[in-house]
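So the chains spell out like this:
2 protein chains.
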Amino acid sequence: MKHINAEVITIGDEILYGQITDTNSQWISAELDKIGVKTIRKTSIGDDKKEILDILTEAQKRADILIFTGGLGPTKDDITKKTIAEFFNDTLEINQDALENVRELFESRGFELTEINRQQAAIPTKATYLNNAVGTAPGMWFDENGKIIISMPGVPFEMKYLMENEVLPRLRKHFKTPFIIHKIIRTIGIGESFLASKIESWEDALPPHIKLAYLPSLGQVKLRLTGFGDDKEKLKAEIEAEAEKVYPTLGQNLFSKDNEELELVLADLLLKENATLATAESCTGGYLAHTITANPGSSAYYLGSVISYSNEAKMNLLGVKKETLDAHGAVSEETVIQMAEGAKKALNSTYALATSGIAGPGGGTEEKPVGTIWLACAGPDKTVTKKILSTKTRLVNIQYGSKSALGLLRKMILKEI
Amino acid sequence: MKHINAEVITIGDEILYGQITDTNSQWISAELDKIGVKTIRKTSIGDDKKEILDILTEAQKRADILIFTGGLGPTKDDITKKTIAEFFNDTLEINQDALENVRELFESRGFELTEINRQQAAIPTKATYLNNAVGTAPGMWFDENGKIIISMPGVPFEMKYLMENEVLPRLRKHFKTPFIIHKIIRTIGIGESFLASKIESWEDALPPHIKLAYLPSLGQVKLRLTGFGDDKEKLKAEIEAEAEKVYPTLGQNLFSKDNEELELVLADLLLKENATLATAESCTGGYLAHTITANPGSSAYYLGSVISYSNEAKMNLLGVKKETLDAHGAVSEETVIQMAEGAKKALNSTYALATSGIAGPGGGTEEKPVGTIWLACAGPDKTVTKKILSTKTRLVNIQYGSKSALGLLRKMILKEI
Numbered sequence: 124m125k126h127i128n129a130e131v132i133t134i135g136d137e138i139l140y141g142q143i144t145d146t147n148s149q150w151i152s153a154e155l156d157k158i159g160v161k162t163i164r165k166t167s168i169g170d171d172k173k174e175i176l177d178i179l180t181e182a183q184k185r186a187d188i189l190i191f192t193g194g195l196g197p198t199k200d201d202i203t204k205k206t207i208a209e210f211f212n213d214t215l216e217i218n219q220d221a222l223e224n225v226r227e228l229f230e231s232r233g234f235e236l237t238e239i240n241r242q243q244a245a246i247p248t249k250a251t252y253l254n255n256a257v258g259t260a261p262g263m264w265f266d267e268n269g270k271i272i273i274s275m276p277g278v279p280f281e282m283k284y285l286m287e288n289e290v291l292p293r294l295r296k297h298f299k300t301p302f303i304i305h306k307i308i309r310t311i312g313i314g315e316s317f318l319a320s321k322i323e324s325w326e327d328a329l330p331p332h333i334k335l336a337y338l339p340s341l342g343q344v345k346l347r348l349t350g351f352g353d354d355k356e357k358l359k360a361e362i363e364a365e366a367e368k369v370y371p372t373l374g375q376n377l378f379s380k381d382n383e384e385l386e387l388v389l390a391d392l393l394l395k396e397n398a399t400l401a402t403a404e405s406c407t408g409g410y411l412a413h414t415i416t417a418n419p420g421s422s423a424y425y426l427g428s429v430i431s432y433s434n435e436a437k438m439n440l441l442g443v444k445k446e447t448l449d450a451h452g453a454v455s456e457e458t459v460i461q462m463a464e465g466a467k468k469a470l471n472s473t474y475a476l477a478t479s480g481i482a483g484p485g486g487g488t489e490e491k492p493v494g495t496i497w498l499a500c501a502g503p504d505k506t507v508t509k510k511i512l513s514t515k516t517r518l519v520n521i522q523y524g525s526k527s528a529l530g531l532l533r534k535m536i537l538k539e540i
Numbered sequence: 124m125k126h127i128n129a130e131v132i133t134i135g136d137e138i139l140y141g142q143i144t145d146t147n148s149q150w151i152s153a154e155l156d157k158i159g160v161k162t163i164r165k166t167s168i169g170d171d172k173k174e175i176l177d178i179l180t181e182a183q184k185r186a187d188i189l190i191f192t193g194g195l196g197p198t199k200d201d202i203t204k205k206t207i208a209e210f211f212n213d214t215l216e217i218n219q220d221a222l223e224n225v226r227e228l229f230e231s232r233g234f235e236l237t238e239i240n241r242q243q244a245a246i247p248t249k250a251t252y253l254n255n256a257v258g259t260a261p262g263m264w265f266d267e268n269g270k271i272i273i274s275m276p277g278v279p280f281e282m283k284y285l286m287e288n289e290v291l292p293r294l295r296k297h298f299k300t301p302f303i304i305h306k307i308i309r310t311i312g313i314g315e316s317f318l319a320s321k322i323e324s325w326e327d328a329l330p331p332h333i334k335l336a337y338l339p340s341l342g343q344v345k346l347r348l349t350g351f352g353d354d355k356e357k358l359k360a361e362i363e364a365e366a367e368k369v370y371p372t373l374g375q376n377l378f379s380k381d382n383e384e385l386e387l388v389l390a391d392l393l394l395k396e397n398a399t400l401a402t403a404e405s406c407t408g409g410y411l412a413h414t415i416t417a418n419p420g421s422s423a424y425y426l427g428s429v430i431s432y433s434n435e436a437k438m439n440l441l442g443v444k445k446e447t448l449d450a451h452g453a454v455s456e457e458t459v460i461q462m463a464e465g466a467k468k469a470l471n472s473t474y475a476l477a478t479s480g481i482a483g484p485g486g487g488t489e490e491k492p493v494g495t496i497w498l499a500c501a502g503p504d505k506t507v508t509k510k511i512l513s514t515k516t517r518l519v520n521i522q523y524g525s526k527s528a529l530g531l532l533r534k535m536i537l538k539e540i
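Protein chains in written order, with the numbering used here: chain A, 124 to 540; chain B, 124 to 540.
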């Protein structure tokens with residue numbers, strides 16, 4: 124079984140200067156891994172002709188596939204396209220499909236098409252054009268001397284569009300790779316080491332061609348099963364059979380057998396019982412709402428939120444009592460209960476979640492250190508609360524607070540609390 | 124003027140599989156940049172002997188300094204140290220300072236020192252030991268054949284400790300480097316290609332030792348000026364002088380001469396006039412609020428938000444009229460005006476921003492396609508609106524809508540509209 128190897132090359136002075144973190148190469152190699160292509164090296168170079176020519180020569184000696192991102196903008200410092208053309212003794216010509224795409228994008232935004240933008244549709248004649256429906260820089264695919272060379276823009280959402288719609292399907296077709304199948308099971312409310320000892324005997328009994336990995340983040344632990352084999356359907360069935368064996372042990376901590384985000388699992392639960400959700404956020408400051416509304420279709424069950432950063436907003440929009448704030452402070456069980464019940468009433472929802480905490484870096488006290496977060500969930504019959512102690516980092520507290528609030532809602536809907 | 128060049132090499136299978144994002148190389152190159160060392164390439168390779176030997180040979184041809192991170196753990200898969208020793212025909216010997224450090228760390232944690240941990244203190248005899256006070260893996264410094272080769276552990280806080288306390292001071296002492304200075308100017312509301320043609324004559328007249336780059340994202344374009352020279356103060360003054368020349372041309376599109384985020388520029392503007400801000404979000408669903416509240420200290424000027432996903436929330440919490448929703452729909456100039464004015468009133472703020480649009484992927488019509496977003500800003504004297512047409516991608520629309528709303532607020536505060 125021969126491995127198909129790839130080298131991922133990101134181009135941009137801003138990467139070398141350390142002004143941005145290259146996240147493209149991580150995403151790309153994770154996607155390649157899913158179709159059985161192994162990334163053997165990642166390289167970042169500057170917007171520099173000699174560097175680009177050198178890496179084209181070097182990387183072709185190492186890898187079957189070269190994937191470039193970056194350096195495709197309309198300005199003078201972006202030279203990837205013409206340098207690749209030079210490498211292949213090729214010239215740039217306007218590609219009609221690419222031109223049509225650029226024209227459409229400009230028309231839809233009501234801008235005039237300038238010559239500099241027209242030139243974005245010029246690609247080497249040896250390249251196959253890859254349609255970038257979300258931007259003006261074209262994707263390119265070269266099949267030369269037995270090597271596949273791909274060039275995409277560095278803007279992450281344009282690169283992802285091209286990978287998903289053009290590059291990955293073409294690679295799957297071009298190479299016949301062995302099958303690698305991943306299955307991810309998600310758990311919540313149990314730490315990595317406790318989980319590991321709980322399922323130890325199951326893990327030890329896994330067949331050698333099925334591997335297990337633990338991926339923890341923000342109160343969740345994902346279990347990733349990875350199987351290798353030549354018969355796709357058989358492999359899939361084997362992985363499913365192994366997974367089935369562990370579900371009873373996971374119990375209430377299991378929330379998705381299919382790597383779904385907690386927000387989506389909750390969406391199903393809410394829709395199933397025709398219920399709606401509202402939120403009232405203090406320390407999470409809109410992130411909880413964003414986590415929910417980032418999902419298409421969320422307006423079917425999500426009614427809205429009151430982000431009550433000020434005490435006035437807590438009183439006027441949510442009906443939190445002044446005496447409660449005076450006696451217990453904004454970060455307290457009493458306040459967060461009134462916030463949740465106030466949001467449920469104001470937005471007329473079935474359930475309402477509320478958060479109030481010290482996100483930091485300032486504002487902590489000995490009694491309520493940075494990272495202290497109170498959560499409440501108001502439901503049809505009762506309101507439940509939870510206090511968590513997160514970290515000292517503002518953004519982590521915002522994210523962990525939001526995820527934990529969703530975890531509380533799940534427990535209430537499932538009548539576990 | 125000779126540049127000192129570095130290549131940053133991160134080692135680890137987990138990087139190649141795309142399981143973690145390599146943030147070390149970004150941090151390292153940003154620090155090198157500050158002392159005038161230019162990173163010419165970044166490479167990530169696996170925990171693989173041949174790969175490590177190859178890159179040692181290759182990178183020494185390109186760079187004056189090789190900086191390795193990763194592969195220094197006590198387990199079998201970490202082979203960096205012995206492979207570097209093999210490369211230099213060297214052997215590993217226990218270093219007494221390193222052993223003392225490991226012993227101290229284990230004692231302070233109350234653990235017994237095992238043989239496997241004792242071996243962590245073994246380093247090649249040609250290496251200078253770099254003291255890692257925060258972990259058990261040693262740092263190493265080689266000065267061979269005119270090249271500096273540095274090896275550090277991959278754990279970010281250990282690497283940072285070694286860089287700050289050992290590597291950077293030694294590099295500054297070893298090389299007498301020229302200075303590299305960056306200055307980033309931020310613009311909003313003008314596309315990359317329009318901006319480029321607007322400032323073309325200025326760009327063409329830049330002296331050869333000052334370079335310009337365009338860095339676009341979500342409605343903003345950053346202009347990065349990079350200068351090279353021996354006299355730091357003179358170079359700084361030259362870059363400032365060049366920047367001064369372009370400010371008038373940039374006009375209202377310029378929002379930061381010093382690479383600040385728009386949220387922070389707005390925070391300054393609001394605090395300066397003792398003003399407060401509220402928001403009312405429909406399509407951006409909490410992301411606008413999150414963008415603001417992600418910043419420490421935002422509670423000084425930000426009062427809160429009403430996220431009115433449902434029409435009921437728009438009516439009950441923001442006072443949007445039923446007739447307006449019936450006649451014009453939720454995504455309309457009329458509705459977004461009432462949302463902004465309603466939020467200003469409900470939260471008693473100086474300014475209020477509102478968003479309403481079709482985030483997608485569903486819900487688009489011919490008249491109002493996915494990506495249509497109405498924005499309004501209500502201020503002390505008036506309310507202004509703006510319609511934007513974003514993309515077909517939900518998350519981009521959410522982010523672009525939020526950034527554009529902040530841009531609208533800036534214009535109002537500056538009395539440009």
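FYI, nobody ran anything at the bench for these hints, they're computed from the structure.
One should not assume that every hint holds.
Any copy will do: because identical chains look the same in the list, a pair fits if it lies in one copy or spans two.
Straight-line Cα separation of at most 30 Å, DSS-like style, residue types lysine-lysine; simulated pairs [claimed, not checked]: (1) Lys355 to Lys368; (2) Lys173 to Lys161; (3) Lys468 to Lys345; (4) Lys270 to Lys205; (5) Lys359 to Lys249; (6) Lys157 to Lys199; (7) Lys334 to Lys538; (8) Lys380 to Lys173; (9) Lys380 to Lys538; (10) Lys505 to Lys534; (11) Lys184 to Lys515; (12) Lys444 to Lys172; (13) Lys534 to Lys395; (14) Lys249 to Lys270; (15) Lys395 to Lys345; (16) Lys359 to Lys444; (17) Lys359 to Lys172; (18) Lys184 to Lys173; (19) Lys199 to Lys359; (20) Lys199 to Lys306; (21) Lys357 to Lys510; (22) Lys306 to Lys445; (23) Lys172 to Lys355; (24) Lys283 to Lys468.
Quick caveat, the model's predicted, so the values are computed rather than measured.
These are the hints, each one checked on the structure:
In this homomeric assembly, Lys355 and Lys368 come within 30 Å of each other (Cα to Cα) only inside a single copy, at 20 Å, whereas the closest approach across copies is 63 Å. Proximity of Lys173 to Lys161 under the C-alpha cut-off of 30 Å is found in both arrangements, the shortest distances being 27 Å within a copy and 16 Å between copies. When the C-alpha separation of Lys468 and Lys345 is checked against a cutoff of 30 Å, the pair qualifies neither within a copy, at 36 Å, nor between copies, at 45 Å. With identical chains, the CA atoms of Lys270 and Lys205 are at most 30 Å apart within one copy only, with a shortest distance of 19 Å there and 34 Å across copies.
Taking the shortest Cα distances, Lys359 and Lys249 never come within 30 Å of each other, neither inside one copy (39 Å) nor across copies (45 Å). In this homomeric assembly, Lys157 and Lys199 come within 30 Å of each other (Cα to Cα) only across copies, at 26 Å, whereas the closest approach inside a single copy is 36 Å. Taking the shortest alpha-carbon separations for Lys334 and Lys538, neither the intra-copy value of 34 Å nor the inter-copy value of 61 Å comes in at or below 30 Å. Within a single copy, Lys380 and Lys173 get their C-alpha atoms no closer than 47 Å, and across copies no closer than 32 Å, so neither meets the 30 Å cut-off.
In this assembly of identical chains, Lys380 and Lys538 lie within 30 Å of each other by CA distance solely inside one copy; the values are 19 Å within and 54 Å between copies. Taking CA atoms no more than 30 Å apart as the test, Lys505 paired with Lys534 passes inside one copy only; the shortest distance there is 13 Å, against 47 Å between copies. For a Cα distance limit of 30 Å, the shortest separation of Lys184 from Lys515 qualifies neither inside one copy, at 46 Å, nor across copies, at 39 Å. Taking the shortest Cα distances, Lys444 and Lys172 never come within 30 Å of each other, neither inside one copy (66 Å) nor across copies (60 Å).
Only within a single protomer do Lys534 and Lys395 lie at most 30 Å apart by alpha-carbon distance; the minimum there is 15 Å, versus 46 Å between protomers. In this homomeric assembly, Lys249 and Lys270 come within 30 Å of each other (Cα to Cα) only inside a single copy, at 13 Å, whereas the closest approach across copies is 41 Å. Proximity of Lys395 and Lys345 under a CA criterion of 30 Å is satisfied intra-copy only: 25 Å inside one chain copy versus 47 Å between copies. In this assembly of identical chains, the alpha carbons of Lys359 and Lys444 never lie at most 30 Å apart, being 56 Å within a copy and 54 Å across copies at closest.
In the homo-oligomer, the alpha carbons of Lys359 and Lys172 lie at most 30 Å apart only across protomers (28 Å), although the nearest pairing inside one protomer, at 45 Å, exceeds that limit. Both within a single protomer and between protomers do Lys184 and Lys173 lie at most 30 Å apart by alpha-carbon distance, with minima of 17 Å and 14 Å respectively. Proximity of Lys199 to Lys359 under the C-alpha cut-off of 30 Å is restricted to the inter-copy arrangement: shortest distance 24 Å between copies versus 49 Å within a copy. Proximity of Lys199 and Lys306 under a CA criterion of 30 Å is satisfied inter-copy only: 19 Å between copies versus 45 Å inside one chain copy.
Within a single copy, Lys357 and Lys510 get their C-alpha atoms no closer than 45 Å, and across copies no closer than 53 Å, so neither meets the 30 Å cut-off. For a Cα distance limit of 30 Å, the shortest separation of Lys306 from Lys445 qualifies neither inside one copy, at 51 Å, nor across copies, at 48 Å. In this assembly of identical chains, the alpha carbons of Lys172 and Lys355 lie at most 30 Å apart only when taken from different copies (28 Å versus 42 Å within one copy). When the C-alpha separation of Lys283 and Lys468 is checked against a cutoff of 30 Å, the pair qualifies neither within a copy, at 41 Å, nor between copies, at 42 Å.
In this structure, the earlier hints numbered 3, 5, 7, 8, 11, 12, 16, 21, 22 and 24 are contradicted, and the remaining ones agree with it.
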